[in-house]
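Top to bottom, those sequences are chains A and D.
All residue numbers for the first sequence refer to numbering that gives the first Met the number 0, where the first residue is 0 and numbers rise by one.
All residue numbers for the second sequence refer to numbering that gives the first Met the number 0, where the first residue is 0 and numbers rise by one.
If you are wondering where the hints come from, they were derived from the structure by calculation, not from laboratory data.
A portion of the hints provided could be inaccurate.
The calculated label-pair distances, taken between Cβ atoms and stated as ranges, are [stated by the list, open to error]:
1. D:Thr15 x A:Ile364: 34 to 40 Å
2. D:Asn69 x A:Asn235: 53 to 59 Å
3. D:Thr60 x A:Asp264: 30 to 36 Å
4. D:Thr60 x A:Ser368: 28 to 34 Å
5. D:Asn69 x A:Glu225: 53 to 59 Å
6. D:Pro17 x A:Lys323: 37 to 43 Å
Idealized CB from N, CA, C, for every residue including glycine.
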Amino acid sequence: MPENPTALSPHVQRLVDEKYAVSIDGQYIVVDNVPYVSAAGVVSRAAIISAYHEKDGVENFGDHTVWFTGSVPCTPTGQSLAHVLVADTNSTLVAGRQALCRFSYKSERSDTLDNIYNKLTHYVRKLQSYVSAIDPTASAAGEGSISVRQQRSVFHYPNTAVARAGLDAYEEKLKLAKVAIVGLGGTGSYILDALAKTPIEQIHLYDDDIIEPATVYRMPGALTIEEAHQKARKTNHLRDVYNRMRTGIESHPVRIDQGNVHELDDCRFVFIAVDHGPSRGLIARHLAKKGIPFIDVGMGVDRVPEDVKLIARVRVTTIGNESKSLVDTLPVTDDQEDAVYNNIQVAELNALNAMLAIIVYKQKIGFYSEEVAVNALRYVLAWQRLLHIGSEQA
Amino acid sequence: MQDAEKQKEFQIFVNTKPRKVPGPRISFEQVLAEAGINTAGQDLNLYDVEWVHGNRAGTLTPGQSVDLENGMKFDAGKSNRS
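Make a model of the complete structure from these sequences and hints.
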């Protein structure tokens, strides 16, 4: 469960006691109403924001920098303090506020980063020192207030790297309501490994297969000998593993067929990572008809017996409204070739297939830029090349 | 180009192995045969054929063919496992 602190840390309490207007907003702490000199002789007020997370008495507040919602501060005579104080003037959305710059001012005092009180008051004092020459009565201290807004999160503990880098607006794009992975073999389980670490509300897993020792060699992480032999359903096992860090992983130890394919209808995105061609065809055609974007993955590894070496190719096919015709290119017939002795799979190729799919997915939802749209991608191992299928390069 | 068209046989690579094939073009089905893939009773749509030559690259689907050049590399196989 997301933690719910009942008492403020003594350092935050001290800020309130000294009459600062303090808010804890998700993974940030904000001091509002801080006076600074915005232009020659003009005193304005803005907020200082720091990454902040407190758990069991341990404060985590990132590095020595803070965000500032005001303009670049000046001296009383209007000289810019940009070179003294400001590390970055890119406008960034932080804790729901528009930060106009980021301060980086290292103190001579060794205790500045001992706690959040010291860190924030260090910046308040620095700004105040220029304000005092114009208005000796202006102060960040006022009524003294605290507001705490817990962000509802699927994670049991926050990804502090997001707050540290001020990536809220980017991370927000990953908050899809519902995504499904159909097929939790080697590739599907690596897809889950990456998806589980994004703030999707619900990740639904579909596979009727059980865990066997051989399958464990193609999954992320490691299982004990008992776990490898307990014949647990893959979806149940993976749900239990990823539930260690988050909520919202749903296990469906069933095969998707005509009778239940409608369960995917409210998904925002689907990953198909199955071996069985007819299942792939059924799901792909259904999703294309419903206008639900999806990625189908697949790979093949073959022997070159003369050399005792392997060759391989990895495929990522992305189907949305603009690429529906690709459904007809998917391998949807039942492959008669022996799935045990001729199904060579190696974990790094499963992982590569999965990560290529994840990167394309994150492009399609606008997290990564997509300067060239690629909907059919092949990696040919012997050439170490990624090929864009369809955009003929000949 | 003139010389290439006149040439009867081309030296190419299929699934990393050198092959000599008659020109001027090679089809999807011929690439699979050169790869030693037995397609009897199999749906050809289960197979992918990719080729590269220098900076150029392309794909073949059943029924398609491409102009041969010496040194072309082909990859043929399935991509349906997960």
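Status of the hints after comparison with the structure:
Between D:Thr15 and A:Ile364, the C-beta spacing of about 37 Å keeps the proposed range 34 to 40 Å intact. Separated by about 55 Å at the C-beta atoms, D:Asn69 and A:Asn235 satisfy the suggested range of 53 to 59 Å. For D:Thr60 paired with A:Asp264, a C-beta distance near 31 Å keeps the hint of 30 to 36 Å intact. The hinted window of 28 to 34 Å between D:Thr60 and A:Ser368 holds, with their beta carbons roughly 30 Å apart.
A hinted range of 53 to 59 Å for the beta carbons of D:Asn69 and A:Glu225 is consistent with their spacing of about 58 Å. A hinted range of 37 to 43 Å for the beta carbons of D:Pro17 and A:Lys323 is consistent with their spacing of about 40 Å.
In summary, this structure violates none of the numbered hints.
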